[in-house]
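Enquirer: Sequence:
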Amino acid sequence: MNAARYIDLLAVVGVPPMNQLFPGNDYIFQDDTSCIHRSLAVIKFVEENIPERIDIDDKVAKMDDIWPIEKLWSIIRQDLSKYEFSLLHDVKQKIIDIWKNFSEEKCEQIIKSIPKMLKGIVQKQDQSITQFDYY
Numbered sequence: 009m010n011a012a013r014y015i016d017l018l019a020v021v022g023v024p025p026m027n028q029l030f031p032g033n034d035y036i037f038q039d040d041t042s043c044i045h046r047s048l049a050v051i052k053f054v055e056e057n058i059p060e061r062i063d064i065d066d067k068v069a070k071m072d073d074i075w076p077i078e079k080l081w082s083i084i085r086q087d088l089s090k091y092e093f094s095l096l097h098d099v100k101q102k103i104i105d106i107w108k109n110f111s112e113e114k115c116e117q118i119i120k121s122i123p124k125m126l127k128g129i130v131q132k133q134d135q136s137i138t139q140f141d142y143y
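Terminal number for the sequence shown in the working numbering: 143, no gaps in between.
FYI, nobody ran anything at the bench for these hints, they're computed from the structure. Treat the hints with care, since some could be wrong.
[As the list claims (entries may be wrong)] Here are the simulated distance ranges between beta carbons:
(1) C115 / V20: 16 to 22 angstroms
(2) L95 / N33: 29 to 35 angstroms
(3) C43 / K90: 30 to 36 angstroms
(4) I51 / P24: 15 to 21 angstroms
(5) I51 / L96: 29 to 35 angstroms
(6) K120 / Q86: 19 to 25 angstroms
(7) L96 / F37: 19 to 25 angstroms
(8) L96 / L29: 17 to 23 angstroms
(9) N57 / Q117: 27 to 33 angstroms
Here a beta-carbon is modelled for each residue, glycine too, at the ideal position from N, C-alpha and C.
Generate coordinates for the entire structure from the input sequences, incorporating the hints supplied.
Expert: Here it is in C-alpha cells:
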C-alpha cells in the first residue's frame, strides 16, 4: 500500500459509501498513524473530500483495540501461526484464503463487539484489552 493506492481506496470504497450513509456529511473519519495516511497527497484528498477527520494528535493509542480491521488481521495472524511456510507466495496465498473465508457473521460479530470493547478500554484505562475483557 502506498499513498496513491490509499487515496484510490478512499475514493472508491470509502468516501462514496460514507456519503451515502450520511448524506448530510454528518460523520467523523478516523484512520491510524501510518505514514501513508499522513502523506501530503492523502491529507489534501481528505481535506477536500471528507467533512471532518480526527487529528492524529487527538488519537488515543488504545483505539487500535477496537478497529474491526485490526481484529481481522489478528485472526489472520493467529491462523497463519498454525502453518510453516518456506515461500512468500505460500504465505500470501494463505492470507488470501483466510480472508476469503471470513463470514458475514464473523464480521457482524466483530462490529457488534465494539461497544463492549469500548467499555473494556475505559475499565482498563491505559492498558491494551484482550478478548477476555469484552466477550
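Enquirer: Are the hints correct? Go through all of them and say.
Expert: Consistency of the hints with the structure:
1. C115 / V20: 16 to 22 angstroms: This hint holds: roughly 19 angstroms between Cβ atoms.
2. L95 / N33: 29 to 35 angstroms: 46 angstroms Cβ-Cβ, so the 29 to 35 angstroms window is violated.
3. C43 / K90: 30 to 36 angstroms: For C43 and K90 the Cβ distance comes to about 31 angstroms; the hint holds.
4. I51 / P24: 15 to 21 angstroms: holds (20 angstroms)
5. I51 / L96: 29 to 35 angstroms: holds (32 angstroms)
6. K120 / Q86: 19 to 25 angstroms: Taking Cβ atoms as reference, K120 and Q86 lie about 20 angstroms apart, which means the hint holds.
7. L96 / F37: 19 to 25 angstroms: Violated, at about 33 angstroms.
8. L96 / L29: 17 to 23 angstroms: Violated, at about 37 angstroms.
9. N57 / Q117: 27 to 33 angstroms: holds (31 angstroms)
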